[in-house]
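Whole structure, please, built from the sequences with the hints as guidance.
Chains H and F are the protein sequences, given in the same order. Using our numbering, read the first sequence as starting at 133 and increasing by one per residue. Using our numbering, read the second sequence as starting at 193 and increasing by one per residue.
To be clear, the hints were calculated from the coordinates, so they are not data collected in a lab. All C-beta atoms, glycine included, are put in the ideal place defined by N, C-alpha and C. Keep in mind that the hints are not guaranteed to be accurate.
[Unchecked claim] Under the rule of at most 30 Å between Cα atoms (straight-line distance), these lysine-lysine pairs were calculated in the DSSO-like manner: (1) K458/F with K167/H; (2) K204/F with K230/F; (3) K398/F with K416/H; (4) K416/H with K424/F; (5) K308/F with K416/H; (6) K538/F with K153/H; (7) K161/H with K329/H; (8) K220/H with K458/F; (9) K308/F with K181/H; (10) K153/H with K262/F; (11) K458/F with K223/H; (12) K153/H with K308/F; (13) K204/F with K416/H; (14) K262/F with K223/H; (15) K416/H with K527/F; (16) K527/F with K359/H; (17) K359/H with K220/H; (18) K181/H with K458/F; (19) K416/H with K535/F; (20) K424/F with K402/F; (21) K398/F with K200/F.
[Claimed, not checked] Some chain F residues flagged as far from chain H (calculated, every beta-carbon gap over 10 Å): (22) L210; (23) E213; (24) L270; (25) Q277; (26) V393; (27) F401; (28) D415; (29) I448.
Here is how the chains run, residue by residue.
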Amino acid sequence: MERPPDFNNKSLLMQTEKGFKSEVINIVKLTAQEKLFQIRILGSCEREKFTFLPGQFVMLELPGCGEVPISISSSPSNREFIGLCVRKAGKVTGMLHRLEPGAMVGIRGPLGTHFPMQKMVGRNILLIAGGLGIAPLRSPIYWVNEHRSEYKDITILYGVKEPGQILFDYQFEEWRKIYDLNLLTIVQNPDENWKGKVGLITELFEDISIDPEDTFAIVCGPPVMFKFICAHLADIGIPRQRMFVSLERRMHCGMGKCCRCNVGSTFTCLDGPVFDYWTVMNLKEAI
Amino acid sequence: MLFKTITKENFKKMVEGLLEENEVIGPRSRDQDLEGNKIYRFLKVNSFEELEMDYTRSYSSPKNYFLPFKEDFATYRLEDNNWEQEIRYTVHPRVIIGMRACDINALLKLDQVMLKSVYPNPYYFARRQNTLIIGLDHEPLEDCFCRSMNTDTAFHGFDLFLTDIGDKYFVAINSDTAYIIINQFDAREVTEEDQERFKTVKEQIKSKFKTQVDITILPELMDLEFESEVWKKWGDKCLSCGSCAMVCPTCYCYGIEEDTNLTFTKATKRRFLYSCNLLDFAAVAGGHNFRPEAHIRLKYRYYHQFRGFVEAFNQSLCVGCNRCGKACLAGISPKAVIDDLIKTEKNEY
Numbered sequence: 133m134e135r136p137p138d139f140n141n142k143s144l145l146m147q148t149e150k151g152f153k154s155e156v157i158n159i160v161k162l163t164a165q166e167k168l169f170q171i172r173i174l175g176s177c178e179r180e181k182f183t184f185l186p187g188q189f190v191m192l193e194l195p196g197c198g199e200v201p202i203s204i205s206s207s208p209s210n211r212e213f214i215g216l217c218v219r220k221a222g223k224v225t226g227m228l229h230r231l232e233p234g235a236m237v238g239i240r241g242p243l244g245t246h247f248p249m250q251k252m253v254g255r256n257i258l259l260i261a262g263g264l265g266i267a268p269l270r271s272p273i274y275w276v277n278e279h280r281s282e283y284k285d286i287t288i289l290y291g292v293k294e295p296g297q298i299l300f301d302y303q304f305e306e307w308r309k310i311y312d313l314n315l316l317t318i319v320q321n322p323d324e325n326w327k328g329k330v331g332l333i334t335e336l337f338e339d340i341s342i343d344p345e346d347t348f349a350i351v352c353g354p355p356v357m358f359k360f361i362c363a364h365l366a367d368i369g370i371p372r373q374r375m376f377v378s379l380e381r382r383m384h385c386g387m388g389k390c391c392r393c394n395v396g397s398t399f400t401c402l403d404g405p406v407f408d409y410w411t412v413m414n415l416k417e418a419i
Numbered sequence: 193m194l195f196k197t198i199t200k201e202n203f204k205k206m207v208e209g210l211l212e213e214n215e216v217i218g219p220r221s222r223d224q225d226l227e228g229n230k231i232y233r234f235l236k237v238n239s240f241e242e243l244e245m246d247y248t249r250s251y252s253s254p255k256n257y258f259l260p261f262k263e264d265f266a267t268y269r270l271e272d273n274n275w276e277q278e279i280r281y282t283v284h285p286r287v288i289i290g291m292r293a294c295d296i297n298a299l300l301k302l303d304q305v306m307l308k309s310v311y312p313n314p315y316y317f318a319r320r321q322n323t324l325i326i327g328l329d330h331e332p333l334e335d336c337f338c339r340s341m342n343t344d345t346a347f348h349g350f351d352l353f354l355t356d357i358g359d360k361y362f363v364a365i366n367s368d369t370a371y372i373i374i375n376q377f378d379a380r381e382v383t384e385e386d387q388e389r390f391k392t393v394k395e396q397i398k399s400k401f402k403t404q405v406d407i408t409i410l411p412e413l414m415d416l417e418f419e420s421e422v423w424k425k426w427g428d429k430c431l432s433c434g435s436c437a438m439v440c441p442t443c444y445c446y447g448i449e450e451d452t453n454l455t456f457t458k459a460t461k462r463r464f465l466y467s468c469n470l471l472d473f474a475a476v477a478g479g480h481n482f483r484p485e486a487h488i489r490l491k492y493r494y495y496h497q498f499r500g501f502v503e504a505f506n507q508s509l510c511v512g513c514n515r516c517g518k519a520c521l522a523g524i525s526p527k528a529v530i531d532d533l534i535k536t537e538k539n540e541y
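Right under this line is the structure:
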């Protein structure tokens, strides 16, 4: 019989079951439904060990309550804390929203695949977010800013249903001026204070020019959005392998064991959450 | 591989020896079905007499001694604003007697997921390491299709494998532990005559397979017939009860639940086996369900067994024991579903 793996390899075990114990150091209320949790891993050694790439996620645990997969929305170079943007949607996230700074949570990860930022060097990047989809995109945005000279034009298209749902608007000026990004927003159902563009996110394509030969796209949002956006991008000639989407499924383990996050023949936690659109198109039931 | 023979009398002594110091699990009859046939289960054995070495098929598979229905992943001590996590992998040595070749092959498939993936499962590993497996050959039942799935013979994954050749067992030895044990009970070298008898028994077993399932182009069929009416036909019968996954020797899907005691001083993180046929399998917080309909969930079960697993590990997850077919309350059997799929492909449906 083949030898089973060596369990003296502590780092593997670490990721398998034992999480990083962490402290919630700051909570920013973004909207009525979303909060940004800044979480600091206890112990400088553990903090040093935790490195991730844009697009990866962690399993965030509240002992006695449960565990939820949350994508990381802070900079990979930020070793002080990690930012997790959480929408109040279920049992665990509801309880998370009742936490106060100083609470202890568990973190397992980082897990999953990442946006291939290295491959995009020297190209334009088009980031498209719908609703809460802006949260996982913050990580590549920070990355791009820190390596700004390596990339050409960066465009962000951001669409939401109502003006009140816009996340991170306090950072928009910084992104535009300091990060030198082109950021366009659109709202589906405006209120009287909304002065920007109104409509679906696909209408923003009229306002920008895309060079299909030289552009990578990162798309994140509700599944229905992927279909229209990626079809449009494929139409104008961006190769499907240069479009990246981040999928979302129910997860219980994050390690390819529980099968809850299965799409087609793969698992969102191991082979995803970041897939290129060619793969997604060929996966059954993906979008 | 090393072969020896052991007389049935000596085998009894060996089991009694094992019983003294280990927990021994073996096939025992628990009840009778409507036709008066015995229902077998793998249960703890206290004496050799309780073992039913001529059992047909256990209702549920011995998988649960490696992946229990429920197990604690971790416990927590909760304080005001803090907590401590405790994880234990300790298990006691255990012997399982009478596992069929298909069940041993099922374990090898589980090993692929649980031990050889990027994140090995330490709980499974601890159990696998501390279990001595004694396999047992048998004549196939009417509905066994393990030969089609290529799992009717086990080449590794066991410690001892017995084939009944009359008054003694022909034994394949696959581990040093097992070699030491069996040598204490007067195991003999294989004679010419033993070899002849072993050959005859094996040929007899091979000739008795009646059910066949054609899996040649099944992985492709799963994609080609993804929208097929066959799924609707069988899916509409499915009661979404999850019985198939509970008795399956390879189904490993699970869920995690956490709870606290009444005083909020202790918490437990528990893993429990789940089934992809249950309604909320792919339901996410916020109310969306990625697989809301029974036929979609049934299709996914087959898709994972015969397509997803093939893509990942070059073999299908199913071992052809037909336990799910027997356990299904709605009478859905894998052979019927696969045959229907092949018929649609040939336009005979």
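Checked hints:
no. : hint               : in the structure
1   : K458/F with K167/H : holds (28 Å)
2   : K204/F with K230/F : holds (23 Å)
3   : K398/F with K416/H : violated (38 Å)
4   : K416/H with K424/F : holds (17 Å)
5   : K308/F with K416/H : holds (26 Å)
6   : K538/F with K153/H : violated (57 Å)
7   : K161/H with K329/H : holds (25 Å)
8   : K220/H with K458/F : holds (25 Å)
9   : K308/F with K181/H : holds (23 Å)
10  : K153/H with K262/F : holds (25 Å)
11  : K458/F with K223/H : holds (19 Å)
12  : K153/H with K308/F : holds (27 Å)
13  : K204/F with K416/H : violated (53 Å)
14  : K262/F with K223/H : holds (22 Å)
15  : K416/H with K527/F : holds (23 Å)
16  : K527/F with K359/H : violated (36 Å)
17  : K359/H with K220/H : holds (26 Å)
18  : K181/H with K458/F : holds (29 Å)
19  : K416/H with K535/F : holds (22 Å)
20  : K424/F with K402/F : holds (28 Å)
21  : K398/F with K200/F : holds (24 Å)
22  : L210               : holds (20 Å)
23  : E213               : holds (23 Å)
24  : L270               : violated (6 Å)
25  : Q277               : violated (7 Å)
26  : V393               : holds (25 Å)
27  : F401               : holds (26 Å)
28  : D415               : violated (7 Å)
29  : I448               : violated (5 Å)
Going down the numbered hints, you'll see the structure goes against 3, 6, 13, 16, 24, 25, 28, 29, while the others check out.
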